[in-house]
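Given chain A's structure and the hints, the job is docking chain B onto it.
Spelled out from the first residue to the last, the chains are:
Number of protein chains: 2
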Amino acid sequence: MLHRAGVVLAADHPLRIMSHPLDSIFCPRSVAVIGASNAPEKYGYIILKNLLEAGFAGSVYPVNPKATEILGRPCTRSIADLPPGVDLAVIIIPARAVPQAVADCGQRGIKAAIIISGGFAESGEAGAALQREVVEAARRSGVRVVGPNCQGVNNPHHGLCASWPLLTEQGEIAVISQSGTVGAALMDWASQERLGCSAFVSLGNRCDVDETDLIDYLAQDANTRAIAAYLEGVKDLARFREVVSRCGKPIVILKSGRTVEGRRAAESHTRSLAGRDELYTALFRQLRIHRVDSLEDLYDAAKALAYLPKPGGRRILTITSSGGSGILATDWAEWSGLQVAALPGPVAETLRGLLPTHCIVANPLDLTGDGTAALYRKVVEATAPHFDYQVIIFGDPILQAADVVTPGAPQLVIFLGGAEVERQERARMHQKKVPVFPTPERGVRALARLFAFNGVAA
Amino acid sequence: MLHRAGVVLAADHPLRIMSHPLDSIFCPRSVAVIGASNAPEKYGYIILKNLLEAGFAGSVYPVNPKATEILGRPCTRSIADLPPGVDLAVIIIPARAVPQAVADCGQRGIKAAIIISGGFAESGEAGAALQREVVEAARRSGVRVVGPNCQGVNNPHHGLCASWPLLTEQGEIAVISQSGTVGAALMDWASQERLGCSAFVSLGNRCDVDETDLIDYLAQDANTRAIAAYLEGVKDLARFREVVSRCGKPIVILKSGRTVEGRRAAESHTRSLAGRDELYTALFRQLRIHRVDSLEDLYDAAKALAYLPKPGGRRILTITSSGGSGILATDWAEWSGLQVAALPGPVAETLRGLLPTHCIVANPLDLTGDGTAALYRKVVEATAPHFDYQVIIFGDPILQAADVVTPGAPQLVIFLGGAEVERQERARMHQKKVPVFPTPERGVRALARLFAFNGVAA
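From first to last, the protein sequence lines stand for chains A and B. Residues 260 to 717, numbered by my numbering, are exactly what the first sequence covers, in order. Residues 260 to 717, numbered by my numbering, are exactly what the second sequence covers, in order.
Note that these hints are calculated values from the structure, not bench results.
Same chains, same label: a pair holds when it works inside one copy or across any pair of copies.
Straight line, CA to CA, 25 angstroms or less: simulated SDA-like cross-link-like pairs of lysine to any residue:
(1) LYS569 x LYS637
(2) LYS692 x TRP448
(3) LYS301 x LYS637
(4) LYS301 x VAL680
(5) LYS494 x ARG547
(6) LYS301 x THR616
(7) LYS494 x LEU538
Chain A on its own, in the form it takes in the complex:
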């Protein structure tokens, strides 16, 4: 939802007013593919196909002077021949032709360009000179540029897959990445889990649009609840500091190039100055950014921050059908600073009346291998008022497990050892927007992130 002058409009409402400089990138009316191709192995084919198959409501125009038709769409010969209403161009042509194409886009009233093509600053001095020409052309003509040397943009809420692979699952995690692969991997995991993303932007060489511009956009994007970023360096520290300070949404960052060899590799990848690691540690701490060390941490933290409610305190109760998983959760809870509090006497007494005698009424509360959804529900209801968070571990193929959990309730859900039933129930929970974690360790560590961000006292 967008708030503007007191009027609330859905992001895809026909009356929606363009209100942010980057709207043309995320929510264009129509899109042109400059350098569309008939060769299935080329990105000019792959991206056109993904745009056509992702459910984009506007028109998609392939531009190619030599072809008459690509993927059943008539080709436009040049940028100048495009009809009005094209807000965004995706450019996949040889690097040397890109500066002129950007100028032509400006001429034709196109507001933004995503440059997929490589061969710019990442490839040496000649490429760097070309990239400077792109920047000049963009400034002169008022075109905003993502890339070059990038994997594009995907906004599933707008049916816009100007990227690869084809991923369309809508969700509430936004992904910003200096590595196309890293971003695509995150978005693929979210799609596989049926949790989805709100947006993905591959930054590439970020000759114009950078991570700070995107955070500024995503801060006001109604679909985004948490921002996950892979970065090799922050481009403009002063602006970054200012924009992040007023962002108001949780940000998780995986910053690479932290070792001697890693830093050297980062500097040759996107010409980022990876910088001294301690500098980033201090900056991120000050800005209350969640810093993570691995890709799966990045995903888990963003998932927790996007979909779990704020905790009122650190007292957790683990409810499980798997004793072993309960112990692992307990070890990690203690390591992560959570409080594994004892069950109050009267609650324990009530539970002993409700449960079969073989259940272990303690924390973790172990329903043992006979745990059913009905039994879980009884325990969840009886104990909710007495703890800040419930850690609910389904450790068997528990049918209807998804009916046990409640969106928005302080419940951390973990599912493992359930094979096909687990996969079905996980998808059902994700459709309810209840995030599910694959192991006790990953779940508990992600939960601990919430406490850190929300500043609950230890």
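Leaving out everything else, chain B in the frame of chain A:
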């Protein structure tokens, strides 16, 4: 393959001689399900169904005095009525009837029993007394017992799924677990990845068969190349020390109950004395056991140790289509004590002749987004003689990626960001027995395990 008196027989060869006391558990001729049930939610139904569907070559006999037929199989009324040739009984009846059933099994010539039923030592003093009766009945009648209170046994190489969920993928990782769920989760991951397991045993209360017996069996099991165990405590430290010392196969252990609250929970789960954590740290170090902290670490380490060849040294070369993934691999390699060595000058020169100009010829070697299987193959071949291990990262939907890798070669393979193509190629690689890791961090950490086990000098 089994070696016996100079004769080598395949594990499933008809002439194979039973040579280990636990053969009846892993490779029985026929199996009886004591307490088979017609009710689909009961384990007496689920396990019978899994036994019938997993491709077991011997006979499966449901035993139930009240039913005439279950799942299309005629019921036997009692253990005494079973035909000869039954080596293994799976027992799923109320705890109080189990001691007699074990005695009856011995009487009928059945050599081993897996007791699924709970209600023994884990449930209090009365249960503990019953468990002592089971142990006495087993000793008197010479029946070996797995459990009670366990999730059974699965040996995919023998078509024996006396457990749940139904998993049949054959592989070379053996899983031993004091938690049924934890073991099932590992085996499910291996099955989903088409990598498979050699065996899974859920230990339960381990009133007879314990982790040491199983390591002793798996040491001589021709299908097992690495052993992954989840334990809350070692039952018999002296025997464990002796058997592990002469095992000769890599062992990875996730030991839980390491914190104050975790230890308390472990002691109520399977009555394990979790013991002081430092004791296990010292023991595992001395025995060169790989200790891990999380379930995914347990899986990754076992996967690397089962399927990757021994390294000759620590010098690695990363080959990638994803610059970002290459940097992450480099950071983690440096953190893990691997050597990110420079490309020798002549090799770099050769590669510059072979590759498009936009590729970054360094370590990591970045083929960029245009990396194809053919390009990877060129680089892999040209650089193999100059490094101890190649870290090959596929960071895009790279068709035919599986054709690049060679089973048994010193190559660590990572695949991410490739969506459907990634899943297809990963399955193809796993069918070739080349393990694939999901992120640079997990791959590199697993690789570092190999160096530790094999004692390559830092």
